[in-house]
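Letter by letter, the chains look like this.
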Amino acid sequence: MKKEILRIGEEALRELQQLDKSEALQELKVKVLGKKGTLTALLRQMGSLSPEERPVMGQVVNEMRSRLEKAWEERSAELEAIALEKRLAAERIDISLPGSRVARGHYHPLTQVVEEIEDIFLGMGFQIAEGPEIESDYYNFEALNLPKDHPAREMQDSFYITEEILLRTQTSPVQIRTMEKLRPHLPVKVIAPGTVYRNDDDATHSPMFHQVEGLMVDQGIRMSDLKGILLNFSRQMFGESREIRLRPSFFPFTEPSAEVDVSCMLCGGAGCRLCKGTGWIEILGSGMVHPKVLEMGGYNPKEVTGFAFGMGVERIAMLKFGIEDMRLLFDNDLRFLQQF
Amino acid sequence: MKVSMEWLRELVDVNQNAEELAETLTRGGIEVENVENLNKGFEKVVIGEISSLTRHPNADRLWVCDVNLGQQNVTIVTGAQNLQAGDRIPVAMIGAALPNDLSIRKSKLRGVVSEGMLCSREELLLDASVGLDRSEGGILVLAAEAPIGENFGKYLGREDSVLDLELYPNRPDCLAMVNVAREVASLTGKQPHLPKWADTAKGLDLPVAGDFKIIIEEEELCRRYAGLVVEDVHIAPSPEWMQRKLKAAGVRPISNIVDITNYCMLEMGQPLHAFDRDKITGNIHVRSAKAGEKIVTLDGVERSLQADTLLIADDRQALAVAGVMGGFDSEVTGDTKRLLIESAHFAGVSIRRTSRRLGLRSEASNRYEKGVNPYGCVATLGRVCELLLELGAGRPVAFLDELKTLPPQRQITLSVQHTSIVLGLELKDSDIRQVLENLNFKYEEKEGIFVVEIPTYRADLEIEEDLMEEVARLMGYDLIPTTLPQGDTTQGRRTPEQDFRRRLRRVLVQSGMDEVMTYTFTGAAKDAQWGSAQHSISLLNPLREELSVMRTSLVPGLLEVAAKNTARRNTEISIFEVGTTYWGDEKPLRELPREVLRVTGVAVGKSGRHWLNSQTQYDFFYVKGILEEIVREFGLKFDYRVPENRPRLHPGRSADVYLHNECIGFLGEIHPSEEKEWALERAVVFELDLGVLFKHMRPIVRAQSIPRFPAINRDLAVVVPIDTSSAAVMTKIHKLGGELLQNVELFDVYTGKSIPEGRKSLAFSLRYQSLERTLTDEEVNNLNSRILEGIQQEFDAEWRK
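First to last, the protein sequences are chains L and F.
Residue 3 is where the first sequence starts when you use the numbering used here, and the numbers rise one by one after that.
Residue 2 is where the second sequence starts when you use the numbering used here, and the numbers rise one by one after that.
Looking at chain L on its own, in the form it has when it is part of the complex (with noise of 0.2 Å):
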């Protein structure tokens, strides 16, 4: 009987080894080792032995057993790593396809500087204030100490819909109004982002364009007080490691009045082809607000100051996208705007 158990034993080991699919593995265990096995029925003639061999047959049949288990699963490990090793190179893609498409959309990149600049102001206790375009005569240059017939009106060619309402030329008269609305609230804080618009088309200037303003207005508001705002405006704008340097300039509702450069944000100050060898780029104006200024908004410039500044948005989308030409910005090539 010993002989019959590991005659079958050792021929279940054999044929399993040269089993290559799980399923006829399966089979032969049941074959063997199943209800009605070889080795099962072996097993059940045990009770004709006398007691003193049943416990060394039944020793003989439990080794054989356990010896085909092993191989069993070693085998079957074997075979669902051969099945996944197939699979795998079976499902091998090539990963140089291009991804799915996503559609996407793209912010326009004035919008985007317009949101970062505002989000720099927000984050400074600044609150957004707004105006309307066409403007008239009064908010756009005279309560900005800017008579009929002021030389500087030539600075601005305007467009104009009658003698007394034009297209603002500048986010200014949101100054005023600003101040009208508030006063005499302390402090006025606010900066004005909007569409303006002058008589000028060529290839640095669009008679459609964007600025920011900025006004601060409150009890002894100094100079350097300015100069720290710009300057951490800057920094958050182009890189920490920015400077800036102040120009005494002129516009008609600041005095005193300022050029605000940044280090070039190119070359870092050292001079380059962007800042032209100087190290340093203009990119806004500034000052004081002017007594009359304060006055026509309804404060005593006795009794508070101010600041303001105003930039051009395209110039500041320009600079930090490296954008050559200003037209690019409003001819709505889709190649141009889906880069950004």
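Hints are computed from structural coordinates only; laboratory data are not their basis.
None of the values given here were measured: they were computed from a predicted structure.
Built from N, CA and C at the ideal position, the CB exists for glycine as well.
A couple of the hints might just be wrong.
[Said to hold, decoys possible] From the structure, some residues in chain L lie toward chain F, with a derived Cβ separation under 7 Å:
hint: 1; residue: Ala105
hint: 2; residue: His110
hint: 3; residue: Ile130
hint: 4; residue: Pro153
hint: 5; residue: Pro250
Please build the complex by placing chain F on the supplied structure of chain L, with the hints as guidance.
Below, chain F without anything else, positioned relative to chain L:
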């Protein structure tokens, strides 16, 4: 203003070169736009003497010259035939870049090395006034005294640089050399040395003319008119030094008299005009033109004058357009014996209007427009007298000075403490003193309060803040420290409307649309197609017709962008803009018009071919899907109704969009008849009013819990008449399904095989779910049957099993 460095150095000590001074001025608030080196092209051209010349051994037409350049001798080969030994000639050395853009390199001509080039007039862009006659057609031969080894530019008097000042409107004083010199002196801490006549208070030591009068009829437009009578006039060219300075300033020399008037204008800032005294009859009148009056100006053009043009006239006729251009009849000519030289003050407003209208701009009109110092009229004539005598051009004999009210001389009080606060810079009394000394301003001081006398040439200084700027710029803006505003912290926040606009843009970008930015003005005809001609606002002075009215719709602008992109083969177009439209309710406008925000989109074409994804067609439903995203973002519900009056949209493929029973815009394919105009096929547009959207939007999302109990899905397909609205069926399903019916999706619309003609199949996927319990199949089946029955009744529907 063009400032010659050579001229400037005569008026103030400058120990900087032109570039350095330009930087000083720019940092001081006088922007220098450009520094022009007049010697450009002559840097490496020196005067040489031909020691000997011999025939080239290998070429008949060439000469080999030994040239003495003073410090060195060089050999140069030339083809010119007009030279002889001992000639002094300009030599371009190796490395020279000549005015005609020729670069000189070492070269070999037929085996002989040539170390430079002998130059002709043409190569140096010079005219026949330079050099000997025999220079014509050959090398330029200079006078025998030309110093060997000297730079040729220096020899020509060109060793000068010119600063081009870009002046702000507040500093017209710097249109005068004396004031530029004062400015340089202030910024560099030097004393200027000016002609004595720069002191505007100086009077003339001449008798008052008795044979005529000056009558100012327009006191508002002419505050002062001074005239100098000159006899024994001798017209000749002005001396070389004067011509050189005029040229450097960009003024063409003409004759001694004209040149003196121009020279004094450049120096003192006061425009002057010389009349032939013998061509004047009677008195000088400063008056406005009469209706229909004409004058022939210096340039020979007859000009009709408008009634408010300010004129200088005699008893008979107009002599000059005041401040703009002289008259032909009273012009100074070679025969002129006596002069009347005008030095007057005219109002800038009037001069500007006239010069615009006549299209005439001159150095004089430019100065009047920007502002001339009325106190300087007579003193400038003093300088004219000096130069007339110096040049022997004439003998000043008498003068007249008709004076109306001049602006008051100003005093400004400056508080050191207040200045410190405004600038944010700790200032001492001595700082202010130093600044005022540098400016050469007179002042009195008492305990930190300075009372400053403002010189008449600085009309821009009106208030204390103006002086603060002087303090800051003379001390240097760099001294101002960097601080942050003190006081309470403030909240930075966007208004709900601003927030809404940001979110709206975000939804559209997330939906795959690209944002564009178009001009807000457009052509009248284009705007009328999609907007309202009745409300559109026209510009008085548009750049061109296509940019002449403010838009009442964004659609034409966006269609134009779509068309342009299509023409450029950008074929996947899905674009939007959030922008303003402008609505005038009256013509002409008296009140500011309404500015109405719109969101507008255009989609045309389809997404590009892709190996994996099918192409998305940009059609009605693509755009409607995007509107549905807006609906979801803001918790709204749109009604789409068949439009009543949208002639530019495809009648079967368009909808009016309603929100709370208010029409807020439209959506649809453009009408096939529009396609040709835009060269666009099947473009889909939408335009919605932002105001109404904002009014109804849900400011924040209200979150809903996820149900814990399982959902049961059922599909339901019905066959209905083909014109049945799917939305109506959907609404009915929702109504019948009650609150257990969580969601309904239309997943198939089918016509064709197995569906009778005139009918269509709609297939819905229904999702039942309860928040409280697990639903049983039975109750779901009951609900489903009820829905089916309801639909069958209302829509003439059959169940499609």
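Hints, one by one, checked against the model:
Because the beta carbon of alanine 105 (chain L) sits about 3 Å from the nearest beta carbon in chain F, less than 7 Å, this interface hint is met. Interface restraint check for histidine 110 (chain L): the shortest CB-CB distance to chain F comes to about 4 Å, inside 7 Å, so the restraint holds. With 7 Å as the threshold, the beta carbon of isoleucine 130 (chain L) comes within range of chain F, its nearest partner Cβ sitting at about 6 Å, so the hint holds. Because the beta carbon of proline 153 (chain L) sits about 4 Å from the nearest beta carbon in chain F, less than 7 Å, this interface hint is met.
Checking proline 250 (chain L) against chain F by beta carbon gives a least distance of about 3 Å; that is within 7 Å, so the hint holds.
In this structure, none of the earlier numbered hints is contradicted; all agree with it.
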